[in-house]
Amino acid sequence: MSTELELPMFTNTSEEDLGGRWGMVIDQDICTGCQACVAACAMENNIPYVGEKDAAYGRSLHWIRIERFWQDAFPEVKMTPYQPMLCQQCHKAPCEPVCPVFASVHSASEDINLQVYNRCVGTRYCSNNCPYQARTFNWRDYTDTRRQPELTTLQNQLNPDVTVRRRGVMEKCTFCIQRIRHSEDAAKADNRPVEDGETLPACAQACPADAIVFGRIDDPESRVSQAARSARGYHQLEELGTLPRVTYLKGETDGHRG
Amino acid sequence: MAIAARPMLPAKAHAQEHEDPREHLMHDPRPRGEMNAMVLESMHTAGWRFYAAAGVLTLLVLTCFFYAWGYMIANGLGVAGVNRPVFWGIFLVNTVFWIGISHAGTFISAILRVMKVEGRRPFTRAAELMTTFGLVQAGASIFMHMGRVWLGYLLFPFPNERGLWPNFHSPLMWDFLAINTYLLCSTMYLFLPLIPDIAMVRDHATGWRKIPYRILSLGFRGTEGEWKNLQTAMNIFAFAIIPVMFSVHTIVSWDFAMAMRPGWSSSVFGPYFVIGALHSGMAAVAIVLFMIRSTMKHMKYFIRAEHFNLMGKLMLIVSMAWAYFYFNDYLVMWYGGDKWEKILQEFTEKGPLGYLWFAMLIFNIAVPWLILWNRKWRSTPWLLASVGLIINIGMWLERYIIIPVGLTINRMPFTWRLYVPAIEVFLTIGTISLFLLLYMLASRLIPIIPVWEVQEGQAAHMLRKVGKAEVSTVSEIE
Amino acid sequence: MSEPISRRDFLKLASAGAATTAVLTGCGPASRYVTREPYTKMPEYTYNGQSTFYATTCRECSAGCGLVVRTMQGRAIKVEGNKNNPVNLGKTCARGQVTLQGLYNPDRIQNPGKHTRGANSWSSGQGSGFQEITWIDAINEVSNALSTNEPDEIAFLLGMAPDHLFDLVSELTTAIGAPAPIRFGALGMFEARKTLMQAASRMFGTRGLPSFDIGEAGVVFSFGANFLETWFSPVAQTREFAKFRQRNPAGRGHLVQFEARMSQTGSKADEWIAIRPGSEAQVVLAIGRLVAESRGLPLPPAFANADVEAAAAAADVPSGTLVHLAGVFAQAARALAIPGGAALAQSTGLEAAEAVLALNALVGNLGKAGGVFMAPLAPIADAYHAPASGREMMEFIGKLNSGKIKALFIHGTNPVFELPRALGFMEALAQVPQVISFSSFPDETALQADYVFPDHHGLESWGYQQVATGANAAVLSGSQPVVAPFYNTQSTADVLLAAAHLPRGRAGGQLSQALSYSDELAYIQSKLGSLLADGSGFFSAPEIDTFTAYFQQHGGWWTMDDRRVAPPTADVLNRTFEAAPAALDGDGEFHFVPFVSPILAEAGANKPWLQEVPDPTTTVMWNTWIEINPETAERLGIQDQDVVRVVSPMGSAEATVYKYPAIRPDTIAMPFGQGHTVYGQFAEKRGANPTDLLGTRLNAAGDLTFGSMKIRIEKTGRTRELARLEGALGVYGFDAK
Amino acid sequence: MIKKILEAFGQPLGRIGLMIAMLTVLSAAVWGIAQTQRAPEQPIDFPHRLHVGLGIQCLFCHPGALRGPSPGIPTQTKCWGCHQQIAVRGTELPKLAKFVENDQAIPWVPVAQVPDFVHFVHRPHVAAGLNCETCHGDLSKMTVYENPQLMNMGWCLKCHRQHAQDDSELLTKLTDCSTCHY
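Protein sequences appear in the order of chains A, B, C and D. Residue 175 in this note's numbering is what sits at position 175 of the first sequence, and the numbering runs on without skipping anything. Residue 1070 in this note's numbering is what sits at position 70 of the second sequence, and the numbering runs on without skipping anything. Residue 2353 in this note's numbering is what sits at position 353 of the third sequence, and the numbering runs on without skipping anything. Residue 3099 in this note's numbering is what sits at position 99 of the fourth sequence, and the numbering runs on without skipping anything.
A couple of the hints might just be wrong.
Pairwise CB distance ranges, derived in the manner of DEER restraints [what the hints assert, rightly or not]:
id: 1; chain 1: C; residue 1: Glu2309; chain 2: B; residue 2: Tyr1335; range: 52 to 60 Å
id: 2; chain 1: B; residue 1: Asn1160; chain 2: A; residue 2: Gly197; range: 50 to 58 Å
id: 3; chain 1: B; residue 1: Pro1157; chain 2: D; residue 2: Gln3149; range: 21 to 29 Å
id: 4; chain 1: B; residue 1: Ala1459; chain 2: D; residue 2: Leu3018; range: 43 to 51 Å
id: 5; chain 1: D; residue 1: Gly3014; chain 2: B; residue 2: Asn1229; range: 30 to 38 Å
id: 6; chain 1: A; residue 1: Glu198; chain 2: D; residue 2: Asp3138; range: 48 to 56 Å
id: 7; chain 1: D; residue 1: Gln3035; chain 2: B; residue 2: Lys1228; range: 30 to 38 Å
id: 8; chain 1: B; residue 1: Pro1352; chain 2: D; residue 2: Arg3161; range: 53 to 61 Å
Simulated from the structure, these hints should not be mistaken for laboratory data. Remember, it's a predicted structure, so these values are computed and weren't measured experimentally. Glycine included, C-beta positions come from ideal geometry on N, C-alpha and C.
Chain A with its partners taken away, still in its complex shape (with noise of 0.2 Å):
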């Protein structure tokens, strides 16, 4: 078939397409892990909750959640810069080649990682081999208002711009695809470039520190590669060469003393 061969496929990068297109910087230093971000990014991509029981279970499906650890005891205990963590839309990202149906697919448009809900059949090899464990199955039908009539009232708020997983499916960070094609589409509207910040994911628009900055990383003036430049920014599990899109900020525990 030549049709296979315009389909997106996981390849081997060439040097020099690793410039990549969005990006990501989050400023550990003034993240205050207040979960702005976390409860925007459920009201904007309709992600249903889970419940205690599930929830407790390790099934919640927050795309983006914060996390910090202790170090030493009471009364140097200190805790960890909390690190929000989501998906990296890595370039070479290890959950695309091990999805047997193409549901794991790299956007060779917008170079992130995709996941197209209906062809995803839920063997749950991408979210296995995830190594930033960003990926959330849904494990029950979480928004069926023939289990939980509770829902009919609350899905008016659901986003049309959004597909509403069922049971079975694997979802994660799009980056507010949604968003992007938004701007780009009234962009072309009136033929013009989308601008810098023109384009936001909901964490991003949400965050009352502004410790998460999002735009063009092929665009070196851009805001977020400007703060990528910076001399606290690191990847995380860089060794594994996965080329995350998403940069964080080292947040310095221990600031000057006096």
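Got chain A; can you put chains B, C and D on it based on the hints?
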């Protein structure tokens, strides 16, 4: 060898060791008609025990297999114990386990056939049946594991208007294809040697029962030409299926070895899984032989201590090989000193599930090594069978430790959680019952003993006097 | 999938045909059978599939953040921040984000009705304690209550936010000569807001709220002020904090937090000093003294009585630490000290607050960048009206108990849940013959009402809100409906006005003259009128209608210039304090630190997604936990998942233990926000309420000393799993549950 | 008994019976699929033919197509805007009148509808110069709208590929999963 053994053991014990070659099946021939009659009788004698057992199993299959699975499909995988980070649970444990079971069949019937190990003759079919039915369970387990099994057809490469194909980069895809191939091959390989026996049954069957046998026996009449072709076909398959068998479990291991996870991405997984498969497979054969022998008529004639002895030896060797591979991998992991793999090892040993690890080592290594070294013990059917059972539990635990326990540890410590099986337990029982049920039915529908092979062997064997001792010799049949 | 599927269509869906295709194409439910219902009369500016954005104000707390709500086909889809509003500059907190789940909450009260006290049923039906009535009758009831009772027999209890309803009711009460409305909110109680204000007025001689310029400060000492969570204006302060850390002229800011239990704010601190509850005042004074010394200043009378050793002993921290900290504070170019919440909720709370202000005066940052200011007074506000303090509430309760109050109107607050049970508000309600609640949700206070006349949800209603603090400008944040009301609800302001206009009784006559506004909108316009002349706003208009239109379009009106005022610095340091340890209640072994859940706050528990948003420090979801230091737990033989009972002389509460590494071993902490007995399916009978344990002690400013309780802890022998986002295995080791 | 059955299948008649059985099953499936593709019944049998015949532009009633994703289904205000001028005759207009006087929304059932996991935006397609007929067929020949063809992914891709021609960059963009699925 016999001479060497004499001073070691008292004569009495010595006498019970089937040293006398006349006690070997091959040297204890019976007339064809009689032997056929025995096999046929074993087929259509089904007492109340048989029906009771079949009934219970059917009930279990209906509830624990079909109903439980249906319930899971309707309500999603939430009814199972899987969570984040343990996205893979017992379903894949079962898959690997059943594929392992299925390996013995091919090994015994193909490799031993190729190597002309005469002892194999009476129970090749018993083993091949295991292969086929085991694979059925493996396949079912894979589909149970899928979140949207109703879209399973997307795994098949079929031309469609979307121009989309399955992802041949995915080890899961290879796995899927490999298992299908293996199922196909092993079924055909089960069928070929079956033809003469089916023909035999056809000749004795009466009434409507004759029809299916007539169809299945493909009009085999036993002319020389037919035998020749059959032999050729079987030889070709025997050789061809061996690489398939090795590749299948290697590919299964790649599901893990290719993944980017601490403890999984290991180059030794391929051969290690193959050996592991044989380990559980052999053990399973031992169990099955025991059950056949003790439940079906006339089987004490066909399946004798010598065969258990043979199986025992095989199990011992395989167990040792398995131990070698396991500790090889373990040593490499430990010496490599990767941060995450160290943590994983610590977790498997000292973590809340550490007892599983110790149990596995005891079941897979200690028990067989302690019992199987002794010919007398390993020749004792019930003992060998129980060792087989223990080994199977051990191997199941081994897969459990690789999958759910291994998945608990990943590179994001914030997500580490334990896994508590839920409906998987019932579905596991379901697959086991289905396997047993299929096997029971098969044992009454087709000759569980390849009569012609036994007869062939008996015809080929004779005792020759060498000095005082009588030595068993076998001559090629052209 | 998003819209409900009608029965007929569902049958179709289930038909063999659809099923086959669904399977064959992998298309899930065939959504073409889902009927979309367009507006009957589509407003000309809306198109299908096109979003319309409305600017309004967040009502989740009284900070007054501006929102822009995305709506589609008459439905609110997403809440976003209003970029122009100076309070939040386009940002929101988690609670603001989840506002929509309040709007679409399945448990909203949908009709006005007569309600039998204590009956948890909110729609008509035989045997149900709720009898739906028409709005006409409802208005009659209100009018009766206003006219038949003597003026001083009428009382209004309103929410914490100084909004248009408060102004309207104030006018109403003055018109009929009834006592002025009382505003109450748990957040105000846990902030000890009155204490801070009183300290400011006593030190500076000016009324109003002080505001602290965190963003420009070099070193910030926060004495119990959880300014990143619920204190005053969290979103604004979080923005300031980010500036303080990374975009700071004075270099990366250094935060030191003094508190017994590490709050979310404390977790961001560079140094977290776990001082013993009750020792705050002493510590502040000691640091003041040390700062004066290390700066080589003459020791001001304010810190003369400070005893460093005693303070260190009382606080249970090495005196060396205090010396070191004083050094940090003294040497900093721009040092700032903030008094807040827990530190002021002690018998010595007022002294502590004053001492902190004195400390600021000592380093001379009053009215300077990175220092202390007085928050600008909101436009059209005559003064900043603080919510009621504990004392005022106790007096109010006394009045209710005395039976003087014949009719009580409650709107926007839930004192039965929020006030300490020991104050007996619920029992007091029983003494009131007629309680009318305007609550949108079946909360504990509405449960004790005779009538429930549900107000619109915040996103369905008009209004404005005077912003108390958070912005440098003077801000009046505007609200407008972003969706048509979903249920048969009515704006409380309209109900009151309608009632006032009914020509009946003595009150009626006066009222209809006094409150001559045709409706809520007219009232708001009349208030906005005074701003027309004011040219200092970022927009102005020739006449009121245009002005109102702009007001709604931009989500409010605010000045362009910085309206903060520098407090007078005169003789601030000449007052003297005696450094006495705080008085404690109860004889328990442990100090009790109740804190407001940063996620749920006082009214978030009925929103499922807020329940599922993990607590920042413990990552617990969906329930209440009790924080114990691991050592203490070890000593008491308490494991993870054990359910324990904390007991104070006033009451007890049960919840699952969380072994919290960052809390004093002699302290037990518990979040406030759960433990509702009613309040909808998501909140009902979930968790426990720490206010059940609190006492009635007041500090000098009349605020409740919720930090003064000493409690006992008992095992119950039961265990209950706590829903945590974190995997305990990874965070606390393999032997953790 | 069983023997008889088995033998029966051997007979030509039995064979034919078997065939028929198979055919019925097959046709049932086909019928099912056809069912889902047939236009559902509408609250009002709206005669597109008539209105198009009167020269009313598609975009007059479906203006959304110019601006964004969905062209929109006209509300009763839109219909009544003209029809209050026109005598209420025939079988359908009374229905409309009824909706208007009860002030109910007309529960139109969308026909040209893609599943929810497909995000189709009309604007770029209109901007690319496609006529409504290209996808929706000639409305001047229909009363109640029916899809002229299966609107499935193959159909979309075919057109996208044609449009891209040999512009590889455009092709990647137009065949990218994220163009429609998110």
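Verification of the hints:
no., hint, in the structure
1, C/Glu2309 with B/Tyr1335: 52 to 60 Å, "holds (57 Å)"
2, B/Asn1160 with A/Gly197: 50 to 58 Å, "violated (41 Å)"
3, B/Pro1157 with D/Gln3149: 21 to 29 Å, "holds (26 Å)"
4, B/Ala1459 with D/Leu3018: 43 to 51 Å, "holds (45 Å)"
5, D/Gly3014 with B/Asn1229: 30 to 38 Å, "holds (33 Å)"
6, A/Glu198 with D/Asp3138: 48 to 56 Å, "violated (40 Å)"
7, D/Gln3035 with B/Lys1228: 30 to 38 Å, "violated (57 Å)"
8, B/Pro1352 with D/Arg3161: 53 to 61 Å, "holds (55 Å)"
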